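Asker: Listed in order, the protein sequences are those of chains W and R. Numbering-wise (our numbering), the first sequence opens with residue 1 and increments by one. Numbering-wise (our numbering), the second sequence opens with residue 1001 and increments by one.
Treat the hints as calculated values from the structure; they're not laboratory data. The structure displayed is predicted, hence computed values, not measured ones. Keep in mind that a hint or two might mislead.
[To be verified] Covered stretches of chain W (chain R as the covering partner; in silico rule of three or more C-beta atoms under 8 Å from a C-beta of chain R):
id: 1; stretch: 9-19
id: 2; stretch: 140-147
id: 3; stretch: 171-181
id: 4; stretch: 194-207
Yeah, the Cβ is synthetic: ideal placement off N, Cα and C, and Gly gets one too.
Each chain, letter by letter, is given below.
Protein chains: 2
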Amino acid sequence: MTVRIDLNLSLDGIVMPTDQTPENPMGADWGRIVEHYAATKTFRERVMHETAGEGTTGVDDRYAAAYFEGIGAEIMGAGMFGFHTFPDDPEWRGWWEDEPPFHSTVLVLTSRERAPIDFANGTRFEFLSASPAEALARAEAVAGGGDIRIGGGAGTVRDFLAAGLVDRLHVALAPVVLGQGLRLWDGLRNLGSDYVVTSEVAESGVIHVTFAR
Amino acid sequence: MTVRIDLNLSLDGIVMPTDQTPENPMGADWGRIVEHYAATKTFRERVMHETAGEGTTGVDDRYAAAYFEGIGAEIMGAGMFGFHTFPDDPEWRGWWEDEPPFHSTVLVLTSRERAPIDFANGTRFEFLSASPAEALARAEAVAGGGDIRIGGGAGTVRDFLAAGLVDRLHVALAPVVLGQGLRLWDGLRNLGSDYVVTSEVAESGVIHVTFAR
Chain W
1 MTVRIDLNLS LDGIVMPTDQ TPENPMGADW GRIVEHYAAT KTFRERVMHE TAGEGTTGVD
61 DRYAAAYFEG IGAEIMGAGM FGFHTFPDDP EWRGWWEDEP PFHSTVLVLT SRERAPIDFA
121 NGTRFEFLSA SPAEALARAE AVAGGGDIRI GGGAGTVRDF LAAGLVDRLH VALAPVVLGQ
181 GLRLWDGLRN LGSDYVVTSE VAESGVIHVT FAR
Chain R
1001 MTVRIDLNLS LDGIVMPTDQ TPENPMGADW GRIVEHYAAT KTFRERVMHE TAGEGTTGVD
1061 DRYAAAYFEG IGAEIMGAGM FGFHTFPDDP EWRGWWEDEP PFHSTVLVLT SRERAPIDFA
1121 NGTRFEFLSA SPAEALARAE AVAGGGDIRI GGGAGTVRDF LAAGLVDRLH VALAPVVLGQ
1181 GLRLWDGLRN LGSDYVVTSE VAESGVIHVT FAR
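Using the sequences plus the hints, can you model the full thing?
Answerer: Structure below.
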């Protein structure tokens, strides 16, 4: 069982931009760091449910496809699920409408008490209040031997990295400098020394860096 | 005439670590971000004056050799020259003893009034108090048509980058996370949008990123 994280960052390490406005709730910067991923064949088919055959098929797509391979369970924070954006909607079921792209159990870390939500495609959201280690134990119990992804958001992945619970971290560095936003690396001094670090450059100019142990 | 900067950074963008101690005045982190450069054949011959034949000859060495090619003049800050470390030595001639590896005029930005210093190998230090644009005009006058390097330190290169005076920025990202120190990218929002950005990974694992226009 491998605990995995995949993230898109700017070259200056911004994992969560802070340029959101009411008119553009994700912010323009977000688009700049995920552009290469959103252009891949895998993303367009698997997440956007577009017709097969569209999208890039190079190095970026290889990582996009690997993102989904072998995952038995996912853990995400309340913010990534959408609780912070829609705090007053008791019927909120996540951003993904009827087709969440997980196809497995997703543990949402929250202090809210909510019944699990099951989708026809095999995605199941469970809600729990737990430490990173406790959440990981629960994920392992439902992962059926598959890997466990820490999906996000920024605070959640930093908690798992700081706790030393992550076996493989893949970051895609977009060749842009944002200069503002939440930096992934802060507080993770000497992260690299526990891992073998390898890198490769995609056709898009994005640099894929993998920390593995 | 091209204005060039070459820097060694950690993956989290630290250009100047802050772990210096009296016993280790450069700090241990500095060694971690320049290790690949110090190992090159070019550095060992050109800077350390070691016997020819030693050192790496791969991608890192190609950048190390390019560092010295075509430079007609260099600009550096007072701190890089050593004035901040040895403020009370009126005879201070820089860190490099009798063999500064520049072989051209080096303009040192300082409010001190000092006579120029000439070395047998063609290096000449001139001292001036000037804005980035003024210093660049002076450098161009003495560069004999060659390129101009902004050598450092961190504050000086950031001043030139922020003023939009740099044509080519090459950063070598060592695959280590330091988590503390002076970050190059702070305040350089949207730097990449004025440049074409290309990257390649060296045998050492270091990622060479070049911003060019």
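Asker: Are the hints correct? Go through all of them and say.
Answerer: Going through the hints against the structure:
1. 9-19: holds (count 3)
2. 140-147: violated (count 0)
3. 171-181: holds (count 6)
4. 194-207: holds (count 7)
Hint violations for this structure: number 2 only, all remaining hints satisfied.
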